[in-house]
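Asker: What follows is the residue order along each chain.
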Amino acid sequence: MLTAIINLSYLVGALAFVWGLRRLSSPDTAKEGNRLAGIGMGIAIVATLVAPSGGGDGNYAWIAVSLVIGTGIGWRAAKKVAMTDMPQLVSVFNGLGGACAVALAGLELGQVANGMKETSTSSLAILLTTLLIGGVAFTGSILAYLKLDGKVKDEKIILPQHSGINMIFLLGLVVFAAYLGWSSGNISWLTIGMFTVLTLVYGLSFVAPIGGADMPVVISLLNSFSGLSAAAAGMIYDNQIMLVGGILVGASGTILTVLMCNAMNRSLLNVLIGGFGGTAAASKAATGDQNIREVGLADLAIQLYYSDKVMVVPGYGLAVAQAQKAVKELDELLENNGVEVKYGIHPVAGRMPGHMNVLLAEVDIPYSKLLDLEEANEELKTTDVVLVVGANDVVNPSAEDDPGSSIYGMPVLQVWNAKHVVVLKRSMSPGYAGIENPLFFHAKNKMLFGDAKASLQALVAEVKAQ
Amino acid sequence: MDIAQLVAFVDEHLLMFYLLLFTIILGFEIIAKVPTVLHTPLMSGANAISGIVIVGGILLVKQAAATDLFMLIGGSLAIVFGMINVIGGFVVTDRMLEMFKKKTK
Numbered sequence: 003m004l005t006a007i008i009n010l011s012y013l014v015g016a017l018a019f020v021w022g023l024r025r026l027s028s029p030d031t032a033k034e035g036n037r038l039a040g041i042g043m044g045i046a047i048v049a050t051l052v053a054p055s056g057g058g059d060g061n062y063a064w065i066a067v068s069l070v071i072g073t074g075i076g077w078r079a080a081k082k083v084a085m086t087d088m089p090q091l092v093s094v095f096n097g098l099g100g101a102c103a104v105a106l107a108g109l110e111l112g113q114v115a116n117g118m119k120e121t122s123t124s125s126l127a128i129l130l131t132t133l134l135i136g137g138v139a140f141t142g143s144i145l146a147y148l149k150l151d152g153k154v155k156d157e158k159i160i161l162p163q164h165s166g167i168n169m170i171f172l173l174g175l176v177v178f179a180a181y182l183g184w185s186s187g188n189i190s191w192l193t194i195g196m197f198t199v200l201t202l203v204y205g206l207s208f209v210a211p212i213g214g215a216d217m218p219v220v221i222s223l224l225n226s227f228s229g230l231s232a233a234a235a236g237m238i239y240d241n242q243i244m245l246v247g248g249i250l251v252g253a254s255g256t257i258l259t260v261l262m263c264n265a266m267n268r269s270l271l272n273v274l275i276g277g278f279g280g281t282a283a284a285s286k287a288a289t290g291d292q293n294i295r296e297v298g299l300a301d302l303a304i305q306l307y308y309s310d311k312v313m314v315v316p317g318y319g320l321a322v323a324q325a326q327k328a329v330k331e332l333d334e335l336l337e338n339n340g341v342e343v344k345y346g347i348h349p350v351a352g353r354m355p356g357h358m359n360v361l362l363a364e365v366d367i368p369y370s371k372l373l374d375l376e377e378a379n380e381e382l383k384t385t386d387v388v389l390v391v392g393a394n395d396v397v398n399p400s401a402e403d404d405p406g407s408s409i410y411g412m413p414v415l416q417v418w419n420a421k422h423v424v425v426l427k428r429s430m431s432p433g434y435a436g437i438e439n440p441l442f443f444h445a446k447n448k449m450l451f452g453d454a455k456a457s458l459q460a461l462v463a464e465v466k467a468q
Numbered sequence: 800m801d802i803a804q805l806v807a808f809v810d811e812h813l814l815m816f817y818l819l820l821f822t823i824i825l826g827f828e829i830i831a832k833v834p835t836v837l838h839t840p841l842m843s844g845a846n847a848i849s850g851i852v853i854v855g856g857i858l859l860v861k862q863a864a865a866t867d868l869f870m871l872i873g874g875s876l877a878i879v880f881g882m883i884n885v886i887g888g889f890v891v892t893d894r895m896l897e898m899f900k901k902k903t904k
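As given, the protein sequences belong to chains A and B, one line each in that order.
The opening residue of the first sequence carries number 3 in my numbering; numbering runs sequentially from there.
The opening residue of the second sequence carries number 800 in my numbering; numbering runs sequentially from there.
Please keep in mind that the hints were generated in silico from the structure rather than gathered at the bench.
Since this is a predicted model, take the numbers as computed values, not measurements.
One should not assume that every hint holds.
[Said to hold, decoys possible] DSS-like cross-link-like pairs, simulated, lysine-lysine; straight-line CA separation at most 30 Å:
#1 B:Lys832 / A:Lys466
#2 A:Lys81 / A:Lys153
#3 A:Lys466 / A:Lys311
#4 B:Lys832 / A:Lys371
#5 A:Lys383 / B:Lys832
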């Protein structure tokens with residue numbers, strides 16, 4: 003009877019995941035959806051706690067303490083983080099999910115090594131798969147976090163021929179896994195340890211060459227990996243809710259990843275082996291001395307104040323400078339004077355899918371003002387002034403006219419079609435992806451140097467003075 | 800491994816494989832048309848759901864012997880990791896969606 007109730011609880015939990023995810027994908031119901039999925043998780047955890055312990059000792063004290071510690075850390079981290087640091091935090095959470103799968107698979111394999119469990123080749127294959135996918139999700143996410151946080155610079159960790167090395171590395175891991183899975187006689191603490199370490203190193207090596215505008219893609223991909231590792235772990239325990247939850251995440255993560263690749267007009271394979279950053283600065287970089295024109299604050303304020311239509315193109319720099327409030331202030335001032343203010347949102351602007359939408363939502367900028375790539379490009383033709391705030395690669399004309407550029411072919415916001423462009427930027431250094439941007443030298447463009455937030459606040463003051 | 804063994808394995812877990820296939824299709828169908836605004840919360844919410852792997856951690860610790868310190872410590876660590884993923888993921892998603900909500904009023 004108890005087992006039946008537990009199984010039914012898992013069913014309810016799985017339904018809550020499916021329904022919750024469905025509601026999460028529509029703006030009006032998203033919040034409920036998230037809570038519903040959370041309730042599903044609660045049901046799954048409670049059901050697992052009351053389930054018979056299958057010959058073990060229960061060890062409830064250990065479980066309770068671990069649950070409390072995990073809850074405390076997770077709660078604190080999620081409540082305290084600044085909205086701008088969201089991508090990093092989500093990466094870390096994702097990595098921990100992967101770490102959990104790695105620990106499980108490692109310990110179960112340890113049981114096999116100790117001769118405490120008889121295991122078929124198929125079960126071994128599942129354990130090794132869990133370890134491999136979970137391991138990549140774990141260390142890959144941690145490296146992604148370090149990159150996002152600026153603690154690790156792309157160019158320092160890319161080896162020559164890195165994608166080739168990665169392919170050979172992965173092949174080697176698969177061969178090693180096949181050897182281990184061949185018979186449980188090949189499983190020992192030494193071989194498991196080696197496999198685990200190699201897997202974790204592979205996770206780092208997998209993410210190392212990916213950077214720049216590809217970061218949202220890789221984050222979404224790693225998210226789907228951690229789902230898949232949870233699903234594989236579900237196969238170990240013959241547990242349906244782990245399978246359902248994991249696969250849902252794996253499938254949704256894959257879809258998101260593909261959507262973003264499409265937005266950049268590239269295939270996933272191309273993103274994974276493309277190697278942004280390293281090969282970048284080639285081609286048109288060295289066209290010699292070109293003129294950069296700076297704009298004065300007062301001039302810009304007047305220009306904005308008397309425009310009909312202004313578009314803001316935000317990028318990661320907006321998040322770094324925490325300039326979203328200043329943008330909102332400027333927006334209100336201009337709107338009060340009858341200026342139409344819109345926002346051009348590139349699908350891969352920022353470091354996480356939909357990153358800019360979250361930031362602008364934080365300061366109550368209505369959805370209706372946010373234009374996606376095609377709408378924005380249409381609108382740009384009749385726009386008077388474009389303010390590029392902390393964006394770089396997504397407004398780079400090289401993507402359209404320089405076949406040698408590593409972002410050639412990526413659809414970009416054609417800000418140069420507007421009457422005037424002003425780029426707010428800290429200095430002349432190339433963007434995150436390390437690619438020169440000819441826009442800065444464009445005849446229509448002027449630069450406003452300085453921290454985005456400080457510049458915008460100064461601009462707000464100037465506009466007020468009008 | 801030989802083919803016969805693999806077929807036998809699939810047959811033995813046939814329902815799991817049905818579930819696997821249908822869930823993949825379901826996952827694709829649910830997500831296929833998501834507006835860009837929701838990409839981040841959706842990913843973050845999905846990330847929290849992937850914390851379901853914690854169930855495995857709980858099972859592992861429950862099934863361990865009370866004297867097997869290695870399994871207990873390892874398993875507890877897995878539970879802590881999983882729980883951070885679960886709680887942190889849902890709470891942070893809630894925070895994000897809270898910002899969307901106040902605006903629609």
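Asker: Next, verify each hint and record whether it holds.
Answerer: Going through the hints against the structure:
| no. | hint | verdict |
| --- | --- | --- |
| 1 | B:Lys832 / A:Lys466 | 42 Å, violated |
| 2 | A:Lys81 / A:Lys153 | 23 Å, holds |
| 3 | A:Lys466 / A:Lys311 | 18 Å, holds |
| 4 | B:Lys832 / A:Lys371 | 21 Å, holds |
| 5 | A:Lys383 / B:Lys832 | 28 Å, holds |
Comparing the model with each numbered hint stated earlier shows that hint 1 is the single one that does not hold.
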